[in-house]
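Q: Read off the chains here:
Number of protein chains: 2
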Amino acid sequence: MIKADSAAKSLNIAPRERLLASATELFSRKGYSATTTREIVAVAGVTKPVLYYYFRNKEGIYLELMHKATNKFEAMLDAFHAETGTPKKRILSFCDQIFALILENIEILRLVYSIYYGPHQGAPFIDFDSFELKLQKTVKHLVQEGIKKKEFQKEYVEDMTWAILGAINFSIEIELSHPEWGFGRKGLKRVLNLIFRGILARDGKKKGERK
Amino acid sequence: MIKADSAAKSLNIAPRERLLASATELFSRKGYSATTTREIVAVAGVTKPVLYYYFRNKEGIYLELMHKATNKFEAMLDAFHAETGTPKKRILSFCDQIFALILENIEILRLVYSIYYGPHQGAPFIDFDSFELKLQKTVKHLVQEGIKKKEFQKEYVEDMTWAILGAINFSIEIELSHPEWGFGRKGLKRVLNLIFRGILARDGKKKGERK
DNA sequence: GTCTATATTGAGATAGAC
DNA sequence: GTCTATCTCAATATAGAC
Numbered sequence: 000m001i002k003a004d005s006a007a008k009s010l011n012i013a014p015r016e017r018l019l020a021s022a023t024e025l026f027s028r029k030g031y032s033a034t035t036t037r038e039i040v041a042v043a044g045v046t047k048p049v050l051y052y053y054f055r056n057k058e059g060i061y062l063e064l065m066h067k068a069t070n071k072f073e074a075m076l077d078a079f080h081a082e083t084g085t086p087k088k089r090i091l092s093f094c095d096q097i098f099a100l101i102l103e104n105i106e107i108l109r110l111v112y113s114i115y116y117g118p119h120q121g122a123p124f125i126d127f128d129s130f131e132l133k134l135q136k137t138v139k140h141l142v143q144e145g146i147k148k149k150e151f152q153k154e155y156v157e158d159m160t161w162a163i164l165g166a167i168n169f170s171i172e173i174e175l176s177h178p179e180w181g182f183g184r185k186g187l188k189r190v191l192n193l194i195f196r197g198i199l200a201r202d203g204k205k206k207g208e209r210k
Numbered sequence: 000m001i002k003a004d005s006a007a008k009s010l011n012i013a014p015r016e017r018l019l020a021s022a023t024e025l026f027s028r029k030g031y032s033a034t035t036t037r038e039i040v041a042v043a044g045v046t047k048p049v050l051y052y053y054f055r056n057k058e059g060i061y062l063e064l065m066h067k068a069t070n071k072f073e074a075m076l077d078a079f080h081a082e083t084g085t086p087k088k089r090i091l092s093f094c095d096q097i098f099a100l101i102l103e104n105i106e107i108l109r110l111v112y113s114i115y116y117g118p119h120q121g122a123p124f125i126d127f128d129s130f131e132l133k134l135q136k137t138v139k140h141l142v143q144e145g146i147k148k149k150e151f152q153k154e155y156v157e158d159m160t161w162a163i164l165g166a167i168n169f170s171i172e173i174e175l176s177h178p179e180w181g182f183g184r185k186g187l188k189r190v191l192n193l194i195f196r197g198i199l200a201r202d203g204k205k206k207g208e209r210k
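These protein sequence lines map, in sequence, to chains A and B.
Residues 0 to 210 in numbering that gives the first Met the number 0 are what the first sequence spells out, letter by letter.
Residues 0 to 210 in numbering that gives the first Met the number 0 are what the second sequence spells out, letter by letter.
It does not matter which identical chain is used: a pair holds within one copy or between any two.
With a Cα cut of at most 27 angstroms, we get these calculated BS3-like pairs of lysine-lysine:
hint : residue 1 : residue 2
1    : K148      : K87
2    : K88       : K153
3    : K136      : K185
4    : K139      : K188
Everything labelled a hint here was simulated from the structure, so no lab data went into it.
What you are looking at is a predicted structure, and each value in this text was computed from that prediction instead of being measured.
Using the sequences and the accompanying hints, generate a full structural model.
A: As C-alpha cells, this is what we get:
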C-alpha cells in the first residue's frame, strides 16, 4: 500500500530529499532570512523535528544545499580540459556548457548570485570567490591559447577575459529576471560572437566578411 | 550647547535622515529580511517609535529609500539627451555617467540588484523593470544612431545593445564583489572599447590600426 | 517629536513519546 | 525516524506619558 497523503509526498521520495528540494525552492524565491523552517517542513510534507534530525539546523540545510551545488560546478570546471577545436570554438563550447549547467540549476544560482553580489541575508559564509577565480582563470587560459595560436589579438588579455565573463554573467541575469525573453544559450552565443569580431585578429580575411 | 551623545548623532542631522542612512547601510549589508527595526534605530541613535512616526513601518522606510534612489536614476536617464559627439563617444560618455552615479549609490544598488535578480527577501514589490527597460531603450537608441551614421555595423542592433548593457552590468558586479580590484570606470571603458572594435564598421581604416 | 514600557506574534529549536 | 507539544527569545508594532 502506497502512502501518499500530500502533494509533496506523492512521489514517495525520502524526507531528507524532500526537505532539500523545498528548501532550495523557498530560499531561492524568498531568500535565506525570509524563509522559515516552518515553511520548509510544510512544503516538504514533514514536521519540524525531521529537519533538525537530518540537518543540524537552518544553517545546516543551507550549507548542505550550497555544497552540493558548488561541488557540481567545480567538477564541471575541472572536467573541462580534453576539449578540441580552435580557441574560439573552445570558448563558445565552454560558455555553452557553463550556461547549460546554470539553466539546470537556476534556482540555486539565484540564491548564490543574490548572496555573492548582494547582502548575506544572515546566511553562513560560503567561499564563492574561489569558484569565481577558478572560472576566471579558465577563461583567461582559453584566451591566452587563442593569442598563442594567433587567432586573437595579442594584447588586452584581461579585457577579453572580462568581456567574455561579462557576457556569461549578463546572459544569466537575463535568465534570472526575464526568462520569458528566451535569450538563453543562443543569445549568449550571439553576443559572444559579436565580441569575438573584436577579439579575433584581423590579419587575414575571414569568411563571410563583406565589403 | 550641542547635543551629541552618540556617534550617529554627532553630525547633528535630523533623526529622519539618520534613520534613512542607517537603514540603507543595514539593508545593503544584511538584506531586507535580516535587518531588524531594532538595529536600524540603534545605529541611527534613536528609539523605535521615531521610526514608526516618520515612516509607517519597516516597509515604509524601505519604500522611501527605494523611491529616492529610483527617482535619482530615472532623472539621470531623462537628463541624457543633449549630449554631443560621435555615437561611440556618446555611448562611452553615457556608460561612464551611469557608472559614476552607481558608484555614488553603491549601497542601495547592492540591495536593488539582490532583489531584482534574486529572491525578494519579503520586501514589498518595486517595479525595477521599468527602469531596466528605459536603460535598455536608451542604449538601443544610441546604437541605432551609430548605425545611421555608419559608424557601426548595420546588423545586430540587439546584440550590440546587449553587449554594452552586459559590460555595464559586469563592471557593477565587480564593484560589488571586488571593489579592491580597482576595475572601476577605466575598466568599463576598456571593455567597452574592446567590444567596439567589434561593433565599429570596418569600411574605412581607423587611426591607430596596425597591419 | 521623542521617550519608556509593553503587547503580541512568530521565529528557531528541543523534550520525550512512539 | 517521525511525531505532538512546548520552550524561549526576538521580531514588529503600539500605548501613552512628556
